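Here are the chains, one letter per residue:
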Amino acid sequence: MADGAIASHYQVLEELGRGSFGVVYKGIEKATGEVVAIKHIDLESTDDDIQDIQAEISVLSTCASSHVTQYKASFLRGSKLWIVMEYLGGGSCLDLLKPEPSVFSEPQIAIICRELLAGLEYLHAEGKIHRDIKAANVLLSETGKVKLADFGVAAQLTNIKSQRNTFVGTPFWMAPEVIQQNGYDYKADLWSLGITAMEMALGEPPHANLHPMKALFQIPKSAPPRLEGSFSKDFKDFISQCLMKEPERRPSARELLKHRFIRYAGKVEALQELIERRRNYDVTKSKKRSRPVYQETLQTMSTKDEKDEWVFDTVRSVMPRKATVKSRKPSSVFATEDALRQLDLKDGPLQPSSPATGTARKVTARRQPSVTQMTGTGSVRGPPPAPALRKPLQTDLSFGNSGSSQRLFRRVPSDSSASGNISWPDSNDVFTNENRTPHAAEANSKEAMLGRRLYSKAVDPALSELHAQTSALAKREALAKLSDAFATLDAVDPEGAYHMMQNLMANMGHDHRLSNAFLKSSTPLKSPNSGTQSGTVIIKSTPKQEVPSPAKLVLASNNPHLESHRRRRESTAVDSNGSPRRPVDREKAALVAKYPGREPPPGMEHSKKITDLVYGAWINGLRMRWPDL
Amino acid sequence: MSFLFGRARTRTNTLDLSKQAREHVLKLEVPGKAEELAKVLSQMKLILQGTPESDSTPDQVYQLVQGLIEEDLLLLLAQHLWRLPFESRKDTQVIFSYVFRFRPPTASPKTDPVALSYVVNNKPQVLLELCRGYEHKESATPAGSVLREVLKNEAAAAIIMYDDGEEPGSSLKGVTAIERERPQSGSGVFWRFFDWIDKSSFEVAADAFTTFRELLTKHKDLVPRYLAVNFELFFDRYNHVLVQSNSYVTKRQSIKLLGEILLDRSNYNVMTAYVDRGEHLKICMNLLRDDRKMVQYEGFHVFKVFVANPHKSVAVQKILLMNRDKLLNFLSHFLEDRTDDEQFIDEREFLIKQIRNMPPNPVPPTRQMPQGA
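First to last, the sequence lines map onto chains R and P.
Here the UniProt record's numbering is used: position 503 in the first sequence is 503, and no number is missing along the way.
Here the UniProt record's numbering is used: position 163 in the second sequence is 163, and no number is missing along the way.
Everything labelled a hint here was simulated from the structure, so no lab data went into it.
For clarity, every value in this text was computed on a predicted model and none was experimentally measured.
Any given hint might turn out to be false.
Stated by the list, open to error - Simulated restraints on C-beta separations:
1) P/Gly50 <-> R/Glu255: 47 to 53 Å
2) R/Arg254 <-> P/Arg83: 31 to 37 Å
3) P/Glu260 <-> R/Gly127: 53 to 59 Å
4) R/Pro107 <-> P/Asp337: 33 to 39 Å
5) R/Pro251 <-> P/Pro105: 28 to 34 Å
6) P/Glu260 <-> R/Asp234: 52 to 58 Å
What the hints assert, rightly or not - As a list, the in silico BS3-like pairs of lysine-lysine whose alpha-carbon atoms are at most 25 Å apart:
7) P/Lys173 <-> P/Lys282
8) R/Lys128 <-> P/Lys152
9) R/Lys128 <-> P/Lys199
10) P/Lys199 <-> R/Lys72
11) P/Lys137 <-> R/Lys72
As the list claims (entries may be wrong) - Not close to chain R: a few residues of chain P, all C-beta gaps over 12 Å, as computed:
12) Gln49
13) Arg101
14) Gln253
15) Met271
Positions of the beta carbon are idealized from the N, C-alpha and C atoms, including for glycine.
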């Protein structure tokens, strides 16, 4: 393969960060000495059609503009695809927005907008639509040059097909016509540009306090956002021009370049100030952090990370999970890449948005521990897979993971997490968090297992949903705190969580009104134990969750802990509320029918709806596929 | 008066452009000619595309198309594509796709576009040269994009598949001269794709593969017939060049495409012939043991066709039976981590069941004829 040789033209240096699509390294083209960014995409780890990736590359390779990040080459090395791009040392606008006061000045925004318009004018003349303009996708060179990045690739290289086909982009920045899916053209980019300008002026895009899915409904419905406050008339007018809801009335990039706000914009060198600001911020940051608990290996590493990582916006903050990351020579990085990437891929920016992803991920994460526990080798269990994943409500200011549509969901005000060590504003703190994981309790007892399950199946999805539906900042904060607290409890004492719920249920059962309000009404048809609630919550809040893979249910059915628990619970259930047993029997029969020779999965009765749904679909699918059976 | 004047000028220009372009293309090595050509090409593009200020007029476009044909510029541009400057290659791509789509406003939408019909009947070399764009990395992407658009036309696809040099019945004399029942010698341009896909750099190989796949999947009459006549040659090359390629992408994609070809209903006869061969099964079973998981996975989707076939040949049964225990054991742990892929899990179970239930000794198949065959 001719490609093998090309790889040797580049020397790979340190890692810059990782994104949903792979790892980005800094590198040097040996012949010219030019610094480049090299994305490594492990094609083995994606089911995605390679053809799509290739299509994107061919689009990229036909772009040549000083306003668009320059594609240089791509080649294969084993199952890794290397994509060589221009290196931009200034970071993304999103990164640059981070240091206080978290906004850009008007003159700075004018410069950036002018450069972006020039980039868009080029793309549009080429018949290309960017489709994902936002601060995170605007990169700066060290000298202040502004370039559009992740043209197509960010949207296309991830592995969620449906989203790509329906709409591409990130909700808050999406033009109404894109959301409504009745066809859109290059004008959509100009809407996104307007939103990006507001993002730079205000620190976040309009509707950022909404759940992304809600924003999707809001944007077409409501009047276009307006820039309020002490901004110039020209700036406000520029925004309103960009944010014309009817694409026909929205001016083109070429026309907007003539706008007063743009015409008087200064030189790009003025933007170096922003880069400087960010550097200072990083320095102070890493100083502050030299104290925390973790070993020095992580220290040195994280400063390095900090410095290099923010160069690439699409790149999420690295969350190295294993000691392997300590030695960060390129060679060893190769070796550990795979292990790390798997974790990252699940965080892909185009995963279905928040609550569903968060919880779905948790379910898979949970599965493993439960297997090990059942076989009695609890020791295999490492730190609970990514405490990060377990906290969808957590304030997460980590920069760089901006490709994610979830980002802003997490971006609740920073003070919400100021209370103590649960806050981890960036990757560095993730280490601190890793540090805590040894405390995480092994869920060995049946109570603990149920506690875990309670958290993952009921409490967490419920809180996520609630959080998503809440818009008031104070309320969101409070919910976030509660979620944190519960997450901590779950990590440290799942058994405690179980007992708490038990007591809660019991107490509620004793109180006539409460039991009427909560226990009966919500679950008239099901056995009234703690499980029921989780069932309804799941069904209501995160439809994704009703479809756990059959394998998991089978697993659960074998679980001796659950079985004994069921026996116990049956008695408590009768105590607290003498509701008829019959529905349970029916469910049992149904389950027995599905698992001949097996006890109905104890403790699973409440999930009858779920199982029916899953197995119904599954069996139908089987029949369709193999009619001979 | 001025508008009349303007019109007249563009008209002469339009007629002239092709002549100018021809002169420049033939002297590309002369310094400065590339730039002049670039100018002409971008003017042509504007005539075809129109500008935001003025739409393109069918009249002008028609003249341009005529000019391009008269000056034989389509062939010249295809031949020299890789030597053109960066922007000119893109312009050329645009010119080709507009020209190949153009129908005079009076023509019925059912007729072939003028230039395409001309090329298919009188100048097949244009298409063959576009394919040869894969010889150079500069021309691979623009040529490939044009090809994929043109290939939607069955006659154009036939030109490429039935090119066989000077052989009688080759497409070189135009689409009507093709003899479809004559086996190919294997030296036509279609067979060059195997090398382009296997040996080129990623960008070229991937583009060539995309075109190759279009060729083999678009036309449900053309392809089954072609594969039936050229069965041995095609699958021999396919299995030995593409499926065994050293390139991960080529290997993985060609296994996937093999599965798609076999499972396409229009290829039913090709499929049954394919899965009768013990040789093919062996190749496929080796893929299951490849050290790359996605290769194993794609291999599985071909393997399942062998096993699910209710009329397995004796050769295939023998191989499966010889390896029955190994296969059962292997499959039960095969790609265990694909826990979310329900279809895969179902199919794996199905295969296990099928293999387990095979009679202990090979039974000669009693094949029913497929419907409609």
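These are the hints, each one checked on the structure:
| no. | hint | result |
| --- | --- | --- |
| 1 | P/Gly50 <-> R/Glu255: 47 to 53 Å | 18 Å, violated |
| 2 | R/Arg254 <-> P/Arg83: 31 to 37 Å | 32 Å, holds |
| 3 | P/Glu260 <-> R/Gly127: 53 to 59 Å | 30 Å, violated |
| 4 | R/Pro107 <-> P/Asp337: 33 to 39 Å | 53 Å, violated |
| 5 | R/Pro251 <-> P/Pro105: 28 to 34 Å | 32 Å, holds |
| 6 | P/Glu260 <-> R/Asp234: 52 to 58 Å | 56 Å, holds |
| 7 | P/Lys173 <-> P/Lys282 | 41 Å, violated |
| 8 | R/Lys128 <-> P/Lys152 | 23 Å, holds |
| 9 | R/Lys128 <-> P/Lys199 | 31 Å, violated |
| 10 | P/Lys199 <-> R/Lys72 | 21 Å, holds |
| 11 | P/Lys137 <-> R/Lys72 | 13 Å, holds |
| 12 | Gln49 | 9 Å, violated |
| 13 | Arg101 | 15 Å, holds |
| 14 | Gln253 | 6 Å, violated |
| 15 | Met271 | 17 Å, holds |
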